[in-house]
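Asker: Convert by adding 4 to the 1-based position in the sequence shown; the result is the number in my numbering.
Be aware that one or more of the hints could be misleading.
[What the hints assert, rightly or not] Distance condition first, Cα-Cα at most 25 Å in a straight line; then the derived PhoX-like pairs of lysine-lysine: (1) 246 <-> 256; (2) 65 <-> 85; (3) 103 <-> 115; (4) 78 <-> 65; (5) 178 <-> 233; (6) 178 <-> 193; (7) 285 <-> 152; (8) 178 <-> 136; (9) 285 <-> 178; (10) 115 <-> 78; (11) 152 <-> 78; (12) 46 <-> 292; (13) 152 <-> 136; (14) 268 <-> 292; (15) 274 <-> 256; (16) 292 <-> 233; (17) 274 <-> 46; (18) 197 <-> 178; (19) 268 <-> 233; (20) 256 <-> 206; (21) 178 <-> 268; (22) 206 <-> 46.
[As the list claims (entries may be wrong)] Label pairs and their calculated CB-CB ranges: (23) 323 <-> 64: 32 to 42 Å; (24) 189 <-> 301: 47 to 57 Å; (25) 313 <-> 130: 46 to 56 Å; (26) 146 <-> 168: 35 to 45 Å; (27) 93 <-> 188: 20 to 30 Å.
Hint data in this document are derived by calculation from the structure and do not stem from the laboratory.
Nothing here was measured: the structure is a model prediction, and the numbers come from that model.
We put the CB at the ideal spot given by N, CA and C, even for glycine.
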Amino acid sequence: MLCVGKSDAALKILNRTSSVKQLVIPASSRNYATKVEDYLHKSTLPTYHFQQCLPRLPIPKLEDTMSRYIQSLKALEGNPKLDAFAIYDTERDVNQFLKIDGPFIHETLVKENERNSHTSYITGPWFDMYLKSRLPLPLNYNPFLTYKRDPNELMNDQVTRATNIVISAMRFKKTLESEVLSPEVFYMKETAKSPLIQNLVKFLPNQLMLRYLPMVMTQAYPLDMSQFKNLFSSTRLPAIGKDTLQTYPSSKHILVIRNGYFYKVTTINKDGSIVNPEQLKSCLQRIKEDSRPPHDQSVGYLTTTDRDTWADTRSQLVKSGNLSSMLDVDSAIFCLVLEDSVDVDTP
Numbered sequence: 005m006l007c008v009g010k011s012d013a014a015l016k017i018l019n020r021t022s023s024v025k026q027l028v029i030p031a032s033s034r035n036y037a038t039k040v041e042d043y044l045h046k047s048t049l050p051t052y053h054f055q056q057c058l059p060r061l062p063i064p065k066l067e068d069t070m071s072r073y074i075q076s077l078k079a080l081e082g083n084p085k086l087d088a089f090a091i092y093d094t095e096r097d098v099n100q101f102l103k104i105d106g107p108f109i110h111e112t113l114v115k116e117n118e119r120n121s122h123t124s125y126i127t128g129p130w131f132d133m134y135l136k137s138r139l140p141l142p143l144n145y146n147p148f149l150t151y152k153r154d155p156n157e158l159m160n161d162q163v164t165r166a167t168n169i170v171i172s173a174m175r176f177k178k179t180l181e182s183e184v185l186s187p188e189v190f191y192m193k194e195t196a197k198s199p200l201i202q203n204l205v206k207f208l209p210n211q212l213m214l215r216y217l218p219m220v221m222t223q224a225y226p227l228d229m230s231q232f233k234n235l236f237s238s239t240r241l242p243a244i245g246k247d248t249l250q251t252y253p254s255s256k257h258i259l260v261i262r263n264g265y266f267y268k269v270t271t272i273n274k275d276g277s278i279v280n281p282e283q284l285k286s287c288l289q290r291i292k293e294d295s296r297p298p299h300d301q302s303v304g305y306l307t308t309t310d311r312d313t314w315a316d317t318r319s320q321l322v323k324s325g326n327l328s329s330m331l332d333v334d335s336a337i338f339c340l341v342l343e344d345s346v347d348v349d350t351p
């Protein structure tokens, strides 16, 4: 059980919350597929083949940055909060910045960029912008997308579709982690995908001129894949002032949420193979048929507060004896939500 101190009003919401229930695929059914079928494909080029030879994002000239800034403001002229006088004042401040503080700040940025040649100068500030924001994640930052209905109505059953999504995700994950997933490349011509070019590039040295530029010459542009390592088994942990990112590479389970209850479901066997789809479907069906009434005070609600509040509450949860349950949640490969609520106005 998630243990809650009775005297702590901030944690009373957890009084009726159950522990993370573990559903493990029976060992006798662990015969999903051959090793080949566990993968989406086996790419000729390793997944991160271009990662170390990508061109770095250049730092633009300070004058060019300031010019673009002013032009962007002028495009908004007429806005009630941005009249001609405000733009004039801003131009004056920009000119002063270019003469006094700007050159020193720009030089500092250039030196910092040189000290961090393994990444982009924008990476640190970019992550800080998100991780330091104290706004609640729902609506403000968490994106979402929807799938079209399958033409085969039998495949639109919630449990069936969830099973297919989980198994497909596991295959993608295994292909990625084995580095046999095709590199992300923006192809402008189909001819650049030819086996001849792929095999040629495969054996070129890991240098910008020798590995990246030949692709560009065929109008194929390799893309940065550094964030792919955070696609699975990763979470954003709340902390006062700035959140942190944590990854659990050895994770073998997903988290399933249904009616406010949390379930830990094994999806990767001890030998690294993917679980049997029928057994996974059976587990998800059992979860869906759980007869317990829905929670109206689920611990999940706490994650919708501002980040400092959630950080403080989470700390109290851990101190109250819930570290193991929290780790089960944090280390999940991903979270699958099986709910029945549907907006009647949704097309």
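Asker: Against each hint, give a clear statement of whether it holds in the structure.
Answerer: Now for the hints, and whether the structure bears them out:
1. 246 <-> 256: Between residue 246 and residue 256 the Cα gap is close to 28 Å, so the pair fails against 25 Å, i.e. violated.
2. 65 <-> 85: 29 Å, violated
3. 103 <-> 115: Given pair residue 103, residue 115 holds - Cα atoms ~20 Å apart, limit 25 Å.
4. 78 <-> 65: Roughly 20 Å separates the two Cα atoms, so the pair holds.
5. 178 <-> 233: Holds, at about 12 Å.
6. 178 <-> 193: This hinted pair is violated, its Cα atoms lying about 29 Å apart.
7. 285 <-> 152: Holds. Residue 285 to residue 152 sits at ~21 Å (cutoff 25 Å).
8. 178 <-> 136: 32 Å, violated
9. 285 <-> 178: 20 Å, holds
10. 115 <-> 78: 32 Å, violated
11. 152 <-> 78: 41 Å, violated
12. 46 <-> 292: 35 Å, violated
13. 152 <-> 136: Violated. Residue 152 to residue 136 sits at ~35 Å, over the 25 Å cutoff.
14. 268 <-> 292: OK: residue 268 and residue 292 at ~14 Å, within 25 Å.
15. 274 <-> 256: 8 Å, holds
16. 292 <-> 233: Not satisfied, since the Cα-Cα distance of roughly 31 Å exceeds 25 Å.
17. 274 <-> 46: 22 Å, holds
18. 197 <-> 178: 23 Å, holds
19. 268 <-> 233: 22 Å, holds
20. 256 <-> 206: The hint is violated at about 32 Å.
21. 178 <-> 268: 19 Å, holds
22. 206 <-> 46: 14 Å, holds
23. 323 <-> 64: 32 to 42 Å: 48 Å, violated
24. 189 <-> 301: 47 to 57 Å: 48 Å, holds
25. 313 <-> 130: 46 to 56 Å: 25 Å, violated
26. 146 <-> 168: 35 to 45 Å: 23 Å, violated
27. 93 <-> 188: 20 to 30 Å: 44 Å, violated
When the structure is compared with the earlier hints, violations turn up for hints 1, 2, 6, 8, 10, 11, 12, 13, 16, 20, 23, 25, 26 and 27 and for no others.
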